[in-house]
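A.B. asks: Guided by the hints, dock chain B onto chain A, whose structure is given.
Protein chains: 2
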Amino acid sequence: MAEIFGSVDAAQKKNDPQAERDAIIKSSLSKIKHKFIVMSGKGGVGKTSTSVNLSIALANQGFKVGIMDVDLHGPDVPRMLGMQGLLDLNQNKKLTPMAYSPNLGAVSIESLTTNKDDAIIWRGPIKYSAIQQFVADVEWGDLDFLVIDSPPGTGDEPLTIAQMISDARAIIVTTPQEVSLADVRKSINFCRTVKMEIFGLIENMSGLTCPHCGESIELFGSGGGERTAKSMGIDFLGRIPIDPNMVKCGDAGISFQEQHADSPVSLAFNDIAKKMGAMVKP
Amino acid sequence: MAEIFGSVDAAQKKNDPQAERDAIIKSSLSKIKHKFIVMSGKGGVGKTSTSVNLSIALANQGFKVGIMDVDLHGPDVPRMLGMQGLLDLNQNKKLTPMAYSPNLGAVSIESLTTNKDDAIIWRGPIKYSAIQQFVADVEWGDLDFLVIDSPPGTGDEPLTIAQMISDARAIIVTTPQEVSLADVRKSINFCRTVKMEIFGLIENMSGLTCPHCGESIELFGSGGGERTAKSMGIDFLGRIPIDPNMVKCGDAGISFQEQHADSPVSLAFNDIAKKMGAMVKP
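Residue numbers (the working numbering), protein chains in the order written: chain A, -9 to 272; chain B, -9 to 272.
Source of the hints: derived by calculation from the structure; they are not laboratory data. Hints are supplied without guarantee of correctness; some may be wrong.
Identical copies go unnamed one by one, so any copy, or any two together, can satisfy a pair.
[What the hints assert, rightly or not] Below 20 Å or equal to it, Euclidean Cα-Cα: the simulated EDC-like pairs (lysine to aspartate or glutamate) are:
# : residue 1 : residue 2
1 : LYS238    : GLU216
2 : LYS220    : ASP108
3 : LYS220    : ASP107
4 : LYS238    : GLU168
5 : LYS185    : ASP108
6 : LYS83     : ASP225
Here chain A stands alone, though its shape is the one from the complex:
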């Protein structure tokens, strides 16, 4: 079970497999300029939508981007990108990310299981091993950005990333309501405890405009994310409104940004992607 991908791994044949594996991970990560983990305290705040849309926005700006989906129990990245099928092995016996576009590839446990409705019932240590293989056994190649989509909370998956990728920066996503903000403060303190740099906070699902009458509906409130960022001393990256088309596009695996390029949501993602891109193009 530890070798979930079933690939033949040369490292296993040597004397110190763990040291060999650590070296492979280090070499794989050294080719990736910037690593971001998208986290949230609470589930359902739009973490995967954010990972996917930021990645598409970065790829559209000309950057080489990979998405690594470490949400093992709810791997939604392939569905949102409209990608099906299984990952292939290349001539080096490594897995190739599924190509969404020439600039954007993705790896998810969903692309390694044949029955998409099966549950992944793994305890912590197996998850640790699986996530290591997402880096060691995948041919990511040279990337400007690796965007890591993590499950909500502060459990095994983000902890594994923090320990394995010491230069990963956190992007924390929240909705404006207090229940979500309470949990996001835990995420911020998690990052501080494990010494992970926080890139900033995004307020998602911030306000809804009725498509019929144009009036504003305060579904989850708004502004709480910015206030929390200020009070916790972290950067506020932007506010993304609720757009029912986001749900439709996510469900159908259609790129929201292509279909609705001029929407406030697309513009908000582009703005945040520009802040990320500024790190690479000075």
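C.D. replies: Same frame as chain A, but now just chain B:
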């Protein structure tokens, strides 16, 4: 760290602490007539709202109810119930659930931590041990219902419940959009794999009515939960619409059902609670 509550436990002094602990767990569970675990595939579908509101509805119908919050990374039950402070030890050196009303008590990791913004950074085995203590070291007493609020997904927490409480039944919560339904199929298969009986499926956030113009807004769609229940061969328990007041009450820790007793949301919860209550009162 294993003894998180710091309580003096007589069992630890005996020869076989684990057998002694198992006996305590068995005795504690034998006093609880019906156990339900509220699960979801995806986060943010309103699992905690559902746990809390079903529990209040059952308590209002005269049943003795306990809520056990095993979402260790995002323990929102106390906030939604408007409960603060820490759990007390009784004369038997056991923890007493926090009393929301004479019929309803709750236990959560949130009521055991002094700084509410601290993150719980525990790997799987420690979580297992903590959840065992939620049963062994808490004086639940005689209950009609124990409602267990679990984190999203099919990880350590629901797996621990499945192994420890063999007669627990699952209530699965979903929103109507496809991304959530895909994950809910995993939850259903999880229950089948671990042989947990499924009580039924609830479709939450099913349709929104604009408070200004009264028109219906298809935010997450509707009807997908019922279709999924049918196709997977499980009972459909009901549909709960979106009500912005739910978010407000949850954030403020005010009982939605007291404030909005005649709302469609309250009526929907009462209906489901009646189905649960019918198990106790024939």
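A.B. asks: The structure should be examined with respect to each hint, and the outcome stated for every one.
C.D. replies: We went through each hint and held it up to the structure:
1. Proximity of LYS238 and GLU216 under a CA criterion of 20 Å is satisfied inter-copy only: 19 Å between copies versus 27 Å inside one chain copy.
2. In the homo-oligomer, the alpha carbons of LYS220 and ASP108 lie at most 20 Å apart only across protomers (18 Å), although the nearest pairing inside one protomer, at 42 Å, exceeds that limit.
3. Only between protomers do LYS220 and ASP107 lie at most 20 Å apart by alpha-carbon distance; the minimum there is 15 Å, versus 41 Å within a single protomer.
4. In this homomeric assembly, LYS238 and GLU168 come within 20 Å of each other (Cα to Cα) only across copies, at 9 Å, whereas the closest approach inside a single copy is 27 Å.
5. Taking CA atoms no more than 20 Å apart as the test, LYS185 paired with ASP108 passes between copies only; the shortest distance there is 14 Å, against 35 Å inside one copy.
6. Taking identical chains as interchangeable, the C-alpha atoms of LYS83 and ASP225 are never at most 20 Å apart, the minima being 41 Å within one chain and 46 Å between chains.
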